[in-house]
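Novice: So the protein lines, in turn, are chains A and B. Its first residue numbered 1, the first sequence is counted upward by one per residue in UniProt numbering. Its first residue numbered 1, the second sequence is counted upward by one per residue in UniProt numbering.
One or more hints might be untrue.
Said to hold, decoys possible - Not everything, but these chain B residues come out facing chain A in the computed CB check (under 8 Å): (1) Ile26; (2) Arg273; (3) Ser280; (4) Ile288; (5) Gly292; (6) Cys294; (7) Leu310.
Everything labelled a hint here was simulated from the structure, so no lab data went into it. Ideal placement from N, C-alpha and C gives every residue a C-beta, glycine not left out.
What follows is the residue order along each chain.
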Amino acid sequence: MSELIKQVLHSLKHKKNLNILMVFTIAIGIALMTTMMTIAHQELKISLPDKSDNVHLIMLDNRELDAPVQEVYAMPRTTYKDVENIFSSNPGTLNLVRLWETRFIAEPEELTVRPMRLNASAVNNQLFDLMEMPFIYGNAWSLDDQKNSKAVIVIDKTVNDAFFGGANSVGKRILIEKKPMTIVGVMDISVHPKRFQNRNFSTRRNDQAFIPYTFALENNLNRVARIACPKNQTANNRLYRNNDVAGLKASECGFEVLWAEFKDKKQSDAFFTWLNAYAQKNKEMGRFFQDKIVYALSLSQMMAFYGDNDWTQTLAMLSYLLFAVCIVNTSGIMLAKFQSKAKLVSLYRALGATKNYIVKIHFFEVIIISFIGILLGLVLSKLGLHIMYEIARYQSDYLSDPKQLQALYSIDWNMIIRAASITTFSVIAAGIYPIWRISNLAPASQLRGA
Amino acid sequence: MEILHILKVLKRSKAVAILIILQVAITLAIVSNSVFITANVLDNWMIKSNLDEKEIINIWTTTYDNNLDKRQLIEDDIKRLTAIEGVKLATPTKENVLELNIYRNQVFSSIEDTAKPINLGLFDTNLDGPEILGVEIIAGRTLEPLDLIQGHYLDLKQSAPNVIVSEDMAKTLFPNGNALGSTFYINNAREPAKIIGIYKNIMLGEMAVYTQVEYHSVIRPQVKYGQNNLFNYMVRILPNMDDEILQTIKDVLYEQPGRHVRSVEFAARAKKRLWDGRSSFAFTMLGISFIGLCITAMGIVGLVTFSVSLRKKEIGTKRALGATKWQIIRYFLIENSILTFIGMAFGILLSLYLNFILVDRFNNGGLIQFDYCFYIACFIWSICLFAVYFPAKKAANIAPAIVTRGLA
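Could you put the whole structure together from the sequences, leaning on the hints where they help?
Specialist: Shown next as structure tokens:
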């Protein structure tokens, strides 16, 4: 055994420059591939993996008959009327969530700090359970608060840090557009790297506060996201944004995002049976026109769609291509290295070494070099990810939330193991031909002359 | 000549030849596209702006207290801003320099519904607007006090009738000349505007730049408030002021409660932001090019070393027959150059394919500029020669005596 180790080390010392070349080739290849693969993996990562198949986005296609055919992902948001009807008929769900986005300027009641412009959403309190939202202080508002349109708010840790220095601010008040709101909870939304709850999946920023939708409607907080009005009502689009809440409620303009979480398939089947019947009834009443009205997408389906970034995929393809080139080059360097030892190996064979023994020596040599290469490569890939992160920050003119963005460029053990195994496997595959060649040298064949 | 002989040798060791050709092709495809994209970005950065970008500051604020007197706010803000040391002039505005902040503006040459909309940067300013933006009047006159319209939007039924426009704007609206004195129409409301002055081209409008009409702009002496909570300003400062003034302006604006200052930045920052997407694309592609070149170079070293190790006898024979060390090196340089050229020939096809993908998928391929192709080819060729030099040198050191050992 020790004889084998001695032979391996001796073999390694031979032609050190080629060793270095091989290590660098492997390292660059794995660094590039791991960087791009990690980014692609993080972009496709599912929030709430445990329940992502049971959480569905519910959409009702209320467009006119002559509306153009479009993808499921582009189906309009839901109208106030439909959302209210669905909620009031109390279908069996684990959680039923409604959401629309707003923005406001907030400041602490004591006006001690400068105001902040917050991205926020008007929701019902079941959102927090659906998102498994971690709370640092306090909790979500109660159903009673919601029913009574109470002026309560849940703020994010970042807002709490800015306004109250991170202290427990539950019970304190902040002003949104000069309206006093009582803080009932401080959440930490950074566990969710993508803002999926508004069906946008942005990685640049997330909600900084949530307020009860009842309060939001009663106080006419701006609707800042898409309002999908049917053709004959599009003129009201701008009106419904900042005014005429009553009109918006009565219209067929969709602006709410509707999510449903189910316990099991039985529950979801029952729900959709009911929903389809509801859609049919409303079609007969003249509110819907299409053949297929009810659409549902699970969270995992949406993640797969929105995480499929063309640019990342192209970079990943290029990096796999270059990785393949690296592996081929590694094979070439191995051939060069082994060829230069041909005389020695044929001598060993002449002296009685078996083919197996020769294979073993060179196999271990390949393993050791690939191990060093992989280590170096993983270190380089950390550098690579940092560079890509900096480029992304530059691209957003440093306006993106750094913590949320960093999540996209973080490597986890899953990736490390994946990259290391792919590389080891590939390097061994690359070594098959060179090792076969050298072990097949006829004994003493190289001893004649040169 | 040698070349035929080399080709014969290559035919024998096809694998090595093919591998080198492939790598050079791939590298050429990546490097050339990166260069095209980078050239495209540089072109964008280089567009002459004629803008004093470090002397104009964009200010974007919103109010959130409905009890604020908006007219008083604007008056107070202008007073506050001009009182700051280093600030020469200030004006209210809707659109900021190279930073839209609001819905897109468009103009029309006629009042018809079918008139084609033209993109531009529209600046509704007070009488100091032209000086703040630094425009140079080349025809007609600049704005005069009687041109200014100021007030609450519900009180003002009309819009400012006299405007000044840029050279390009005048040419686009009235291609037959005689723009001076003619009337065009602004936005869907078709507000009429008479051109009373024309200024030298200057890059001002964000939407104009994006739609490749960089110099389209109009300055209208109009300060209408009350439609929304947006209160933007543009400020002219003395040259060579440092970033501290941005913070000073922010602090001064915050003296007014009930208002949120969204951003205070030099026009230079807004200009940089125009191309952020394209430049990060370019940086990434350049980085991958560099890695690709390294990989190919290392690959050539490895593959040629292997090739040399197979041909020791042949090289030794040459040396024994009188070839100098330099001739051996030259042989390998020529052999590698042939492979490189063949590789680049395939690389051109691959490069066109990659360019198509980049343009088709991302609208960002960068125009193929053939004059760069020559330099790219030379560059890759020299990298390859550099890479092959090391194994070639080793080859040249093979002793001629190798021939004497054993059967050839």
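Novice: Taking the numbered hints from earlier one at a time, note which ones the structure violates and give those numbers from smallest to largest.
Specialist: Per hint list: zero violations.
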